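Asker: Residues per chain, in single letters:
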Amino acid sequence: MTETVIQVAYLIAAFLFITALRALGRPDSARRGMQLAAFGMAVAVAATLLHARIVTYEWIAIGAVLGAAAGYPLGMWVPMTAMPQRIALSHAFGALAATLVGVGEYSHDLAVGAITRTHVLALSFEVLLGSLTVTGSAMAFGKLQEILPGRPVTFPYQNIVNLVLVAAGVGCLAWLIAYPIDARVFVSMIVIAAVVGVLFVLPIGGADMPVVVSLLNSYAGLAAVATGFAIDNNILIIVGALDGLSGLILSLAMSKAMNRSFANVLFGAFGADGSVASAEAAGGEMSETNSENAALRLAYAERVIMVPGYGLAVSQAQHQMRELGELIQKRGGEVRYAIHPVAGRMPGHMNVLLAEAGVPYDKLIDMDEINERFAETDVAVVVGANDVVNPAAQTNRASPIFGMPILKVADAKSVLVLKRGRGKGFSGVDNDLFVDPKTSMLFGDARESLLDLGAEVKSA
Amino acid sequence: MTAMQTIQLFVFLLAGFVGFQTISRIPPLLHTPLMAATNAISGISLVASLVLAGSAAGMLATVLGTIAVACAVTNIVGGFLITDRMLAMFKRTEPAESKLADTTGASHHD
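Just so you know, the protein sequences line up as chains A and B, in that order. Numbered per our numbering, the first sequence spans residues 1 to 460. Numbered per our numbering, the second sequence spans residues 1 to 110.
Honestly, the hints are just simulated from the structure, not real lab data. Accuracy of the hints is not assured; some may be wrong.
[Stated by the list, open to error] Label pairs and their calculated CB-CB ranges:
(1) A:160 to B:20: 29 to 39 Å
(2) A:177 to B:7: 43 to 53 Å
(3) A:148 to B:93: 32 to 42 Å
(4) B:14 to A:161: 32 to 42 Å
As the structure is a computational prediction, the values presented were derived from the model and not from experiment. C-beta atoms are modelled at their ideal positions from N, C-alpha and C, and glycine is treated no differently.
Taking the hints into account, I'd like the entire structure generated from these sequences.
Answerer: Structure, rendered in structure tokens:
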């Protein structure tokens, strides 16, 4: 009887979760859908508390209180600029839970003395993927939070070392299927996977993080699927499949937006050494401007497109960008925001940032749609973006980013680039846009520059 | 392979199919909320942690289970809160007359 109640609760939860994902297809239905999903979660959890194997509630209560205490600040206080590392951290939490459950179930099986091959197979997958995701996500968190160096870290024979370790991990798995009760091999496998997780993220640079964060999302989901198979739980299989697929779809979309294969992102150590920058740029001088002149152009522009990049998040200038946009609009100009899929450090990063600042979402335009509009735009304002607006991606075959779809900022009648300094971007590639005759450079902190521009536009 | 495992494979396959259809339709605009949302939902692994933490099957199981419960609850609480917070920020352009009143930036206070 209780078992039926639990299963029905899971069925309701699964239905509500899928409904929530459907609702996420549109901004106006999304919030409602997620609230229903939260309700579904409550139903599933409440029903699980009736489970026959649960005999004591003290430790559950302790864990729940600790989790709620950690979850509340992670939900309410983390700023939108820090969203990529926040998400990476929660992948680590999710995977850690899966790994620990896997270890617990394994030791339970050993104690009871009943362990089948299929069971150990599922448990092995669970801890392999889980452990790898825990350390990989922790690394990604460290890089995004800038505790660890964001640049790719490489060492000789890196890919071979990784390959050997992965082979060793798979070897452990095969061994366990043959000898399920060998606990030492089980533990070794977890340790190997943890090392692989670290080494896997080590050579990946900051700008490739959108792919990595998405891929770790996918692994965390697959670990949940394995948990579901291990403990015969359909809701875990369903949710794990949704989570895993979502991560996979996002990472494929991100790779596509960079015109790079998975393999290239994961093993290419893009931007690791200076050699990639050797491609000759078009040459020429950057022409510098001041905020007064730049503001004058903005104040009398009919159509303006703002192009935000990761630099906007770094200097937390999203509110200043929105204010400048509103000031231009008040003077009769039309302002839109061009969003490149890989601008920022995670999928959709720029969208949440600007939504937070109060930019209406119908002004946030995806790359494919906005690219047609640049030709009729008076001023394109590039703030903290570099590679995603580099025309070399389309014109220069020797460029390391050749083939990557870009925002066609160079089509605009004039371009204003707000940039911290004269240095190169993450990939170390020269940007032809900056030396284009119609481009003016405004150097300085993005936030300060946007504030100055706003003040000048107001008085223009 | 037992009948139960076969059914589980069916469930996996069908969930994957439904997931692919559903998730492919989510616009890039909402990709960050999507990630936060799947994170929150995957906190459902709590149901496995609960059983481990509450089964009184020895010290190891209890400790591992309790930590797992804490991790999963962190993701559920944090995940649903942050997804809701994010989705609340996505607003359409308001009708022209209310625009002047909105320039104070009061809209991003929560």
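Asker: Now look at each hint and say whether the structure bears it out.
Answerer: Each hint, compared with the structure:
1. A:160 to B:20: 29 to 39 Å: holds (35 Å)
2. A:177 to B:7: 43 to 53 Å: Since the Cβ atoms of residue 177 of chain A and residue 7 of chain B sit about 22 Å apart, the hinted range of 43 to 53 Å is violated.
3. A:148 to B:93: 32 to 42 Å: Given range 32 to 42 Å: holds, Cβ gap about 41 Å.
4. B:14 to A:161: 32 to 42 Å: Since the Cβ atoms of residue 14 of chain B and residue 161 of chain A sit about 39 Å apart, the hinted range of 32 to 42 Å holds.
Checked against the numbered hints above, the structure violates only hint 2.
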